[in-house]
Amino acid sequence: MTKKWFSEQVDNTLEMMGTTIEQGLSAEEVNNRHNQYGSNELEEQNKKTALELFLHQFKNPLIFILGIGAVVSFFTGHLVDAVAITVIIFINAIIAFWQEFKAQKGMEALREMAAPVAQVKRGGEWVSVPAKELVPGDILKINTGDILAADVRILEANRLSIDEAALTGESEPVNKKSSALEGENIGLGDQKNMGFMTTMVTSGTGLGVVTAIGMKTEVGHIADMMANTEETKTPMQVRMDTIAKTLMFAALAVVAIICAFGLYQGMPWLEILNTGISLSVAAIPEGLPTVISIVLTMGSTRMVKSNALAKQLSAIETLGSTTVICSDKTGTLTQNQMQVMKAYDANGRFWNVSGIGFDPRGEFVAVDHTTDVENSPEMLHGLTVATLCNDAEYIKDGSNSKVRGNPTEGALIVAAAKAGLDQKNMLESGAFTIKEKFPFDSERKMASVIVQTDDGRHFLAIKGAPDVILSKASGFMSDGEVVAVNTVATDGNLALAPSPAEELVTMYEAAIQEFAHDALRTLAVGYRELSEAELEKDHTELERDVTVLGLFGIMDPPRPEVKDAVNSCFDAGVRTVMITGDHALTAAAIARQIGIIRSEEDLVVTGVELDEMSDEQLQEICPKVAVFARVTPEHKLRIVKAQQFNNEVAAMTGDGVNDAPALRRADIGVAMGITGTSVAKDSGDLILLDDNFSTIVKAVRQGRQIFDNLRKFIRQALTANVGEVSVILIAFMVMGPETILPLTPLMILWINLVSDGLPALALGVEPEEKDLMERKPRKRNESFFGDHLGIRILVRGLALGGMSYLAFSWALEAGHSAAYAQTMAFTMLIFAQLWHLFDSRTFSSIFRKNPFTNKYLLGAVALSSVLSLSVIYSGIGQIIFGTEALSGAHMFGIIMASSLPTLVMSGLKELTKIKFV
Numbered sequence: 025m026t027k028k029w030f031s032e033q034v035d036n037t038l039e040m041m042g043t044t045i046e047q048g049l050s051a052e053e054v055n056n057r058h059n060q061y062g063s064n065e066l067e068e069q070n071k072k073t074a075l076e077l078f079l080h081q082f083k084n085p086l087i088f089i090l091g092i093g094a095v096v097s098f099f100t101g102h103l104v105d106a107v108a109i110t111v112i113i114f115i116n117a118i119i120a121f122w123q124e125f126k127a128q129k130g131m132e133a134l135r136e137m138a139a140p141v142a143q144v145k146r147g148g149e150w151v152s153v154p155a156k157e158l159v160p161g162d163i164l165k166i167n168t169g170d171i172l173a174a175d176v177r178i179l180e181a182n183r184l185s186i187d188e189a190a191l192t193g194e195s196e197p198v199n200k201k202s203s204a205l206e207g208e209n210i211g212l213g214d215q216k217n218m219g220f221m222t223t224m225v226t227s228g229t230g231l232g233v234v235t236a237i238g239m240k241t242e243v244g245h246i247a248d249m250m251a252n253t254e255e256t257k258t259p260m261q262v263r264m265d266t267i268a269k270t271l272m273f274a275a276l277a278v279v280a281i282i283c284a285f286g287l288y289q290g291m292p293w294l295e296i297l298n299t300g301i302s303l304s305v306a307a308i309p310e311g312l313p314t315v316i317s318i319v320l321t322m323g324s325t326r327m328v329k330s331n332a333l334a335k336q337l338s339a340i341e342t343l344g345s346t347t348v349i350c351s352d353k354t355g356t357l358t359q360n361q362m363q364v365m366k367a368y369d370a371n372g373r374f375w376n377v378s379g380i381g382f383d384p385r386g387e388f389v390a391v392d393h394t395t396d397v398e399n400s401p402e403m404l405h406g407l408t409v410a411t412l413c414n415d416a417e418y419i420k421d422g423s424n425s426k427v428r429g430n431p432t433e434g435a436l437i438v439a440a441a442k443a444g445l446d447q448k449n450m451l452e453s454g455a456f457t458i459k460e461k462f463p464f465d466s467e468r469k470m471a472s473v474i475v476q477t478d479d480g481r482h483f484l485a486i487k488g489a490p491d492v493i494l495s496k497a498s499g500f501m502s503d504g505e506v507v508a509v510n511t512v513a514t515d516g517n518l519a520l521a522p523s524p525a526e527e528l529v530t531m532y533e534a535a536i537q538e539f540a541h542d543a544l545r546t547l548a549v550g551y552r553e554l555s556e557a558e559l560e561k562d563h564t565e566l567e568r569d570v571t572v573l574g575l576f577g578i579m580d581p582p583r584p585e586v587k588d589a590v591n592s593c594f595d596a597g598v599r600t601v602m603i604t605g606d607h608a609l610t611a612a613a614i615a616r617q618i619g620i621i622r623s624e625e626d627l628v629v630t631g632v633e634l635d636e637m638s639d640e641q642l643q644e645i646c647p648k649v650a651v652f653a654r655v656t657p658e659h660k661l662r663i664v665k666a667q668q669f670n671n672e673v674a675a676m677t678g679d680g681v682n683d684a685p686a687l688r689r690a691d692i693g694v695a696m697g698i699t700g701t702s703v704a705k706d707s708g709d710l711i712l713l714d715d716n717f718s719t720i721v722k723a724v725r726q727g728r729q730i731f732d733n734l735r736k737f738i739r740q741a742l743t744a745n746v747g748e749v750s751v752i753l754i755a756f757m758v759m760g761p762e763t764i765l766p767l768t769p770l771m772i773l774w775i776n777l778v779s780d781g782l783p784a785l786a787l788g789v790e791p792e793e794k795d796l797m798e799r800k801p802r803k804r805n806e807s808f809f810g811d812h813l814g815i816r817i818l819v820r821g822l823a824l825g826g827m828s829y830l831a832f833s834w835a836l837e838a839g840h841s842a843a844y845a846q847t848m849a850f851t852m853l854i855f856a857q858l859w860h861l862f863d864s865r866t867f868s869s870i871f872r873k874n875p876f877t878n879k880y881l882l883g884a885v886a887l888s889s890v891l892s893l894s895v896i897y898s899g900i901g902q903i904i905f906g907t908e909a910l911s912g913a914h915m916f917g918i919i920m921a922s923s924l925p926t927l928v929m930s931g932l933k934e935l936t937k938i939k940f941v
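The numbering used here puts the first residue of the sequence shown at 25, with every later residue one more than the last.
Any given hint could be a false lead.
To be verified - Computed cross-link-like contacts, EDC-like style, restricted to lysine to aspartate or glutamate with a CA-CA straight-line distance of at most 20 Å:
{"hint": "1", "residue 1": "665", "residue 2": "248"}
{"hint": "2", "residue 1": "496", "residue 2": "526"}
{"hint": "3", "residue 1": "459", "residue 2": "556"}
{"hint": "4", "residue 1": "461", "residue 2": "398"}
{"hint": "5", "residue 1": "420", "residue 2": "383"}
{"hint": "6", "residue 1": "329", "residue 2": "714"}
{"hint": "7", "residue 1": "496", "residue 2": "553"}
{"hint": "8", "residue 1": "459", "residue 2": "526"}
{"hint": "9", "residue 1": "201", "residue 2": "467"}
{"hint": "10", "residue 1": "442", "residue 2": "398"}
{"hint": "11", "residue 1": "426", "residue 2": "398"}
{"hint": "12", "residue 1": "461", "residue 2": "526"}
{"hint": "13", "residue 1": "459", "residue 2": "415"}
Because the hints were derived from the structure by calculation, they are not lab data.
When you get a sec, could you build the whole thing from the sequences and use the hints?
Given below as structure tokens:
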């Protein structure tokens, strides 16, 4: 919305839009404006076809390397190698394609939210037209239940309320008015005289003039941000790209060394080429992409059991890297159900009200006094008034409790139920009959109803803003008696009232301040006895001389488990930041209760303050901010970008249309599964099936465990690859022009995929380490090889390769055939890797880990051993792989000797505490 229509008077707005309420636009003018502004539709994004998505999977550098290996193998006659590598490539591409194919459809969801038809004034007549045909200047009729078809400036408002939660994050419907607002920088949630496309009218009627359509609306602005928001690579995707490039350069370097050394030795080109192919196959862990996808899929399955559904596999590991969680307030940190938290009566008594949301189970707990609520006539009478002067309806559906109508009014009904008052019984029994209602409006700031009792008496039940109710007070009920206010010289200011009510007024004002300090929405209740003659009077005459009964403090309270979850994040080094469209005081109060604000140094920043900051200033202040309040969708996007600029791995939660751009931009977008709009769900990477912040913490724990297990798997896989490369390199360097390769390319493929890949897959279900949630989060730029892991892989791999070459060399010197010697090297490397697998289960050492706690690993090792032995001792295995059966003594000796690299180096590490062995 380019022009600030909220600051314009109604007459000025109509004049500038070239329209009138009486006539609307003419047919000719509508046609002209349609040609000028286009259709009232959101533009559809260009989507990738299924084929484009599938081909996109082959851009993975690791897949590219494998493809080159397959091509080279094919043209040099190694057909089995070529086929095996090609199958691996397509398996991985299919898995990744299926994940992306099911992903984002955010723009489609936005388009589906638009209203299908609208009632507009055209040529002096009300007509119903398709919403896409609206043009700026159209006069729009607004009714309860409507979905607004465009952005409008409110011209008339008759008790008009609009639910803007999906757009602004406002937890309550917004009461609309037609008068102009003062000020230039007014946030979306405070524009009381504007209506926005896709929001729903919850009550009342009104008229509006269309000020923006299609992509020029606020929701269109969000759609544009979604289309232009770059989806960042997850930390794991970045790390995998780094691994792929490292492997590619390592493979090229090794092949270059071999070629240079072979040419220097005068070796034939065919020999050099065969050796190069073997080294290429050995240097690349062919099963790595597929196994990682499988490990992430298993993690995804476990997360679903914890009510977290991952849409993209790469997002699972990202949770474990998260350093800051930017969380929405309403419905995520809070229950999204208004609840009476405190109550007060004129005797100076406070009660805390227990319970959860709209569930009537709970009680009034006396604070610093011993009076039960049943023994406070004023509180019981106040709850009766709050229940009768109420348009909401409490509904019990089996074990579920919900409220139909305004959530704040529903909270009053539920509070009354906790004191034993049932709204339905009160009305159906005939004890009370509602004779006439005077609904709430923003001018009076109160509502009232005329009630008839079963004995024929009438009274006015009143609820409203405390300052308004107190200004109309003629007395207070205290201990069941009415204490009158002496109105002499008060001039409407009850603080000047003389005794005996003066003390009661002071106490009420103190209670109001206490409720405000706790960010509670405060309502006062009272009543007035009516005579028969007064029943015909206007409500403006009746709503005075009120006897005040009490106060109720209402809020959307935090979820009971959230405080522990926030503390768990804090202990794990993960900062929680609240980003909400709600008011700063309310947000700050919730943040203090649940531990997001922990000290005076934690800042609360509003959207207006954000508008005055440059991106650089925001980046500087971000680490100190605990709460961002009254923010717009654009603010949320800026905040996420600032966190990322500060090298944070940012998770963003949200449920509304306004959250979609930030969800898409964040390292991991977390959408609400119950209250979330389809736009938010399609924009996020993870969906919380229970809308619960504590579920995010569980997911962070599982994400960390998955990352740990991936590091363990990569350690095992690359150690095996270093062993394979080193045994060939050693043979090439030692034997010179007469080199006999210790391993054939097909043997290397077998080791990578079966004898190493299969057992290493079991590392994906390795139980978590004890200190998992006590570690600080990993930095965005931290690689898989951090904490000396790269050096350890190199050292262990060289040791495995050295042992394999020793077995190969010994067999040749003992007079055995080349095939027998290759089988010795093949077997030594297989069992050395299986021994090393047990050490890969932990980042400490094999001596600190019970070898029997992972039954899947034990089964995989047993299966791998059996399969590998079948390659050596079966006829078909010997034909395909060129192996020879080893003697029993040699096999026993290999199994024992193959344990030495792992046991000796782990022992050395245990004794010296050196990390790289």
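So, going through the hints one by one against the coordinates:
no. : hint      : in the structure
1   : 665 - 248 : holds (17 Å)
2   : 496 - 526 : holds (15 Å)
3   : 459 - 556 : holds (12 Å)
4   : 461 - 398 : violated (28 Å)
5   : 420 - 383 : holds (9 Å)
6   : 329 - 714 : holds (11 Å)
7   : 496 - 553 : holds (14 Å)
8   : 459 - 526 : violated (34 Å)
9   : 201 - 467 : holds (9 Å)
10  : 442 - 398 : holds (11 Å)
11  : 426 - 398 : violated (25 Å)
12  : 461 - 526 : violated (32 Å)
13  : 459 - 415 : holds (14 Å)
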